[in-house]
Amino acid sequence: MAEANDDLEGACSGLTRRELVQRGTAAAFSVSMFGGLAERAFAFAGPLKYKNRHLKGDLKIMQWSHFVPDYDKWLDNVYIKRWGEKNDVQVKIDHIDNSLLPATAASEAAAQSGHDLFQFLFPPAALEQQTIPLNDVVQEVTKKLGKMTDVAYRSSYNPKTKRYFGFADNYVPDPIHYRHSFWFNAGIAPNTWDNVRKAAAKLKAAGHPVGLGMSSELDSRMFLMSLLYCYGGALQTADNKPSINSKGTVEALKVMRDIYQQGESDEVFAWTASSNNQAFLAGRLSLAVNAISIARSAEASGNTALSDDTWIAPIPRGPVRRLGNEHVMGVFFIWKFANNKAAAKKYLVDQQLGYRDHFLQSKFYNFPAWTSAVKGGFKTMRKLTAADNHKPSGKYTVLTTIAEKYTTNIGYPGFGNAAIGDIFNQSLIPQMFAQVAQGKMSPEDAARSMQGQFKTIFAKWKEQGLM
Amino acid sequence: MRKAGTYLVVGPFAIVLAFPFYWALTTMFKRDRDLYNTKSIPYVYNDNGGHAHWDFWNYMTFHHVSFLFKHTEYPTWVENTLIVGVAVVAITLVLALPAGYALARLSGGWGQSMGVAIFLVYLVPPTLLFLPLSRLITELDLKDTLWSLILVYPSFTIPFATWLLMGFFKTIPQELEDAALVDGCSRLRALRRIVFPISLPGILTVVIFSFSLCVNEFIYAFTFTSSTAHRTISAGVPNELIRGDVFFWQSLMAAVLIPSIPLALLYNSFLDRFIKGFTGGAFR
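Which chain is which? The protein sequence lines are A and B, in order.
So the first sequence is numbered by this note's numbering: it starts at 132 and just counts up by one.
So the second sequence is numbered by this note's numbering: it starts at 60 and just counts up by one.
No wet-lab data here; the hints were simulated from the structure.
Please note that a few of the clues may not be correct.
[What the hints assert, rightly or not] The calculated lysine to aspartate or glutamate pairs, modelled on EDC-like cross-linking and capped at a C-alpha distance of 20 Å, are: (1) 275(A) <-> 440(A); (2) 212(A) <-> 198(B); (3) 129(B) <-> 281(A); (4) 129(B) <-> 201(A); (5) 98(B) <-> 440(A); (6) 536(A) <-> 281(A); (7) 467(A) <-> 200(B); (8) 467(A) <-> 198(B).
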């Protein structure tokens, strides 16, 4: 009992040597941790100091993590620093995964705070009431570079409100990637959808199926809309009225059902945006519709057998036309609550005027919204792409042709309006194709049912005054 | 024989649980050609033809780990995670220890009901809370700072810690405190010298669990911090290593394996105390 009391007394007395050491260590740790924290927490409190310059403020930009890491590196470490110094503005770009852009925009809109410039990879028409019109920026660039491309115009302009709700800075062609040797052995060229349908069974039997997704993800959405165009179908008319229930849609649904049943497996209904990339890089697929990330990844992997055998071509021709969507459409917008609207506008103008560097740094992924942003236009771009030394020789030259002749906007032949954005985000087109391919609906019923859904969506956005 | 039986039962569990670590470890050093080759055996290193080799050092690469450290801000994200984790654990302990004690000792019948009510707060999902909290963070001008996370994370660590500690304090005999009070200790000193040292397993559980919650949290980290330099591991890794439809698999594996190893070691080192902490209040 005495022992217990002694312990207790000791416990209730002052500091022992051991405690002193313990507390000292804890204090040192706290200072080291929180000293750093304070510095980090307020790291962006003050503007960057340029020698003898008076800063005009900060500019905060949000955009996707580009699939070419070196492009982001160049943008963050070279381009914006150079531009910032020239314009006395401290620029900061935040990059996030492209699938998280809409959620982040929703969060910024809710908080009424965030970035000055925000880039979407599809037309952000639904956000028009929360953003400022950019007609003046488009006019300024047009004055210097001439007419913007139709794909950019239709992805950033609202004919109803006569406002540019966004500033399209680039678009990305969506070619097919195919394994030349597999198609050569099959004795067919993937230049028409009818050929793709005919070859599907042969290629699957050879262990190399075609990789055309019907899932709720970007690649499927883009490619399936392209297939519709090739067969004469469209989501809407030129004057922006729902038109999915058409003969062209029914024909496209039938072709895709045939391709799936003869040449694909159930996996295509559960694909993510990276699934066709990975299956192609694994050597399984004979064809995929995707931006050049597949070809570039094959080159980076060091697998020259795969890389040299990966050829690029325009979207296959359909009975009505040969036309595909852009793969992604870079459209910037400026929030009404943005702090530095003037700098944001200046940034957009200057970026477009000097887009040649962006075209090259992105390894031909980003094509400029104004063709003459690269001096000499498509002619120069063709020369630049032809100079790429990866095999087969001139592999990327066709990209320029695709960008020039075979690329259109989502919502073709109309505009990329709020209703189209809604349909795009809900993945209604892949759902329609999947239901027909799985035999759950006939092509005619699927098109009719989708028309009903479209009418509701279009009516909703009309009511909001955006169409 | 008895030992062999134990190993027979535990062995398969250990293999299953260790497998993700093994998978990540082998994948992080794989060459692209090996990783994407369907003929390759995925658990070992293979040549270009897909044939497995045991001299793995000839068929592995450090390129992707090097990419993680040299071409991304990964070391900064680790440091940020550590800073946020330590700060949140400290705040949690400062608030949850007295709260748990008060609910266990001083609130009578209300204590139990309030403890359950506090725990229910823990169950409100961040997916519901991030929008209003986003507004709050903006109002406080804490957007894109680590302070935003240090402020918000205790909202889910404190309820859990309070509830857990409340159960643990109930297992400590009241007589011990009474003895200390009789011997001249104030209640605070009795707490510090008698109750807290005995509650060490519970406190350690709170420390480890709160820290793990901070490391794993994604939605707040993603929403409240936007610049690369201010991100934690959970927000930085998916943003920088998933680029459009291109996944940097090997770097991703390295990025998740590196912080999980010390965390796993920490759990294992204090396993007995950790179990005591969780089950402390269960047998009352």
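For this session: Of all the hints given earlier, name the ones this structure violates by number, lowest first.
Result: Hints 1, 2, 3 not satisfied by this model.
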